[in-house]
Each structure stands twice: as C-alpha cells, then as structure tokens.
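Undergrad: Residue strings, one per chain:
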Amino acid sequence: RKEVEQDPGPFNVPEGATVAFNCTYSNSASQSFFWYRQDCRKEPKLLMSVYSSGNEDGRFTAQLNRASQYISLLIRDSKLSDSATYLCVADTGNQFYFGTGTSLTVIP
Amino acid sequence: GAVVSQHPSWVICKSGTSVKIECRSLDFQATTMFWYRQFPKQSLMLMATSNEGSKATYEQGVEKDKFLINHASLTLSTLTVTSAHPEDSSFYICSASKGPAHQPQHFGDGTRLSIL
Numbered sequence: 001r002k003e004v005e006q007d008p009g010p011f012n013v014p015e016g017a018t019v020a021f022n023c024t025y026s027n028s029a030s031q032s033f034f035w036y037r038q039d040c041r042k043e044p045k046l047l048m049s050v051y052s053s054g055n056e057d058g059r060f061t062a063q064l065n066r067a068s069q070y071i072s073l074l075i076r077d078s079k080l081s082d083s084a085t086y087l088c089v090a091d092t093g094n095q096f097y098f099g100t101g102t103s104l105t106v107i108p
Numbered sequence: 109g110a111v112v113s114q115h116p117s118w119v120i121c122k123s124g125t126s127v128k129i130e131c132r133s134l135d136f137q138a139t140t141m142f143w144y145r146q147f148p149k150q151s152l153m154l155m156a157t158s159n160e161g162s163k164a165t166y167e168q169g170v171e172k173d174k175f176l177i178n179h180a181s182l183t184l185s186t187l188t189v190t191s192a193h194p195e196d197s198s199f200y201i202c203s204a205s206k207g208p209a210h211q212p213q214h215f216g217d218g219t220r221l222s223i224l
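Going down the list, the sequences are from chains A and B. According to the working numbering, the first sequence holds residues 1 to 108 in order. According to the working numbering, the second sequence holds residues 109 to 224 in order.
Chain A on its own, in the form it takes in the complex:
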C-alpha cells in the first residue's frame, strides 16, 4: 500500500465550478500535510500547508481528518489557470511522502 494515495483523475470541470480532491495517508505518525500544484514540465509549487484541522486561502480550502486519515483540497470558482496537477504530501517529521498527483483541467 502506498503511503499517500490520490485519485489521479483526470478531473475536467467547467470554469466557475467547485471541485474537491481527496488524499489518504497510511502513516498515522504523519503530522504535517501540504498541497502542491505542478504545471506540466515545471517544478511543484507550494499551494497550502495544513498543520491542524484545515486551512483556507482565498478560493482554496484544505481540510484534515486525522481520524479517517485523509486530507482534502477544495477549489471554488475554478479558473482556467487552476489547470494543473495537484500533489498531496504527508510529512512524518522524518520523511515526506508524495502522492502521485491529481490532474485537473478547467474547461472554458
């Protein structure tokens, strides 16, 4: 079983829609979580850090459920520029575990 699992998608949503991604982690020692976005042929860029129950930044909301060991990313009012791959990361304090990413395409 992978340490971090994500639905690879692809998610194709119309502009303005709300879309949510889930990510599950297997190591209960994971204490910090991060969402990155990665554009094609580019490096991952930090989107949000999640240390407690959740975090919100504009149109983006991340939630953490420790009991069920998953984190989610909600994107409201999707923009064309949100099209990317979204990577979920769990940090145990000793090691980072990356998910394989969820592909999002926002359609005009």
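Just to be clear, a hint being listed does not mean it is correct.
[Claimed, not checked] Covered stretches of chain A, going by a simulated chain B footprint (3 or more residues, C-beta under 8 Å):
hint: 1; region: 17-27
hint: 2; region: 91-102
[Said to hold, decoys possible] Listed next, the in silico SDA-like pairs over lysine to any residue satisfying Cα-Cα at most 25 Å (straight line):
hint: 3; chain 1: A; residue 1: Lys-45; chain 2: A; residue 2: Ala-20
hint: 4; chain 1: A; residue 1: Lys-2; chain 2: B; residue 2: Thr-165
hint: 5; chain 1: B; residue 1: Lys-174; chain 2: A; residue 2: Arg-37
hint: 6; chain 1: A; residue 1: Lys-45; chain 2: B; residue 2: Ala-110
hint: 7; chain 1: B; residue 1: Lys-149; chain 2: A; residue 2: Tyr-51
hint: 8; chain 1: A; residue 1: Lys-45; chain 2: B; residue 2: Lys-174
hint: 9; chain 1: B; residue 1: Lys-206; chain 2: A; residue 2: Glu-3
hint: 10; chain 1: B; residue 1: Lys-128; chain 2: B; residue 2: Pro-116
hint: 11; chain 1: B; residue 1: Lys-163; chain 2: B; residue 2: Lys-122
hint: 12; chain 1: B; residue 1: Lys-206; chain 2: B; residue 2: Ala-110
hint: 13; chain 1: B; residue 1: Lys-149; chain 2: A; residue 2: Arg-37
[Unchecked claim] Here are some chain A residues the structure puts well away from chain B; computed CB gaps all over 12 Å:
hint: 14; residue: Lys-2
hint: 15; residue: Arg-59
hint: 16; residue: Leu-80
hint: 17; residue: Asp-82
Everything labelled a hint here was simulated from the structure, so no lab data went into it. Being a predicted model, the structure only gives us computed values, none of them experimental. All C-beta atoms, glycine included, are put in the ideal place defined by N, C-alpha and C.
Assemble the complex: chain A is given as a structure, and chain B must be docked to it using the hints.
TA: Only chain B this time, still in chain A's reference frame:
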C-alpha cells in the same frame, strides 16, 4: 520568501558525459536538501536526501556511484550524473526545507537532462 535556484535548467549532452546540477537556497540556510527525478506524466521519485557536511542518504535502487551528491555548504548541494546515458534523461528537481521538521519543501526550477 524561500527561494531555491537550480542550474542549469536544460542540458543536452552526448552519452558518456558527466553532468553536474547545482541547487542553491538563496534566502535561507538548508541543512537538508532533496533530489528527485520525474519522468513524463509520472510522479516525483525521491532519489536521495542530502545533508550538509555528511554523506547523502540514497533511496533503494538509486546508484550512489552513478548519482554523486555533495552538500558542501548550507546553501548549496550538487548532483553529478556520472557517465550519463540516454536512460538517464529525465527531469531532475531539488528541494530544500527552511528548518526542522514540519516545514514545507521548496523546489528549484528543475533541470531537464537529455542525453543523446
């Protein structure tokens, strides 16, 4: 900020050449840096963890004599792909963390390596 710079961004070399990639943290000190490789449409694969002043820790299946890592200072780590062959062609990305555990990693721009 937390800026990580990687150089070069694109390399095209003949088979058998050794290629050095530099990773610098520009505005913070990084005790630990990470090296990844990524094939097209695949996820990041951790190659090694680079610790300043000590030997790198390689992931299983990564040849340490093939991928030489040096972390001579708190702001610079280098990855040298020795005697590169076409199968080494990939996107190599470094990252660094600002401090102790639970800090996010910040990625360099990546280096696209093409071996002819």
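Undergrad: What hint numbers does the structure not satisfy?
TA: Numbers 1, 5, 7, 8, 11, 14, in rising order.
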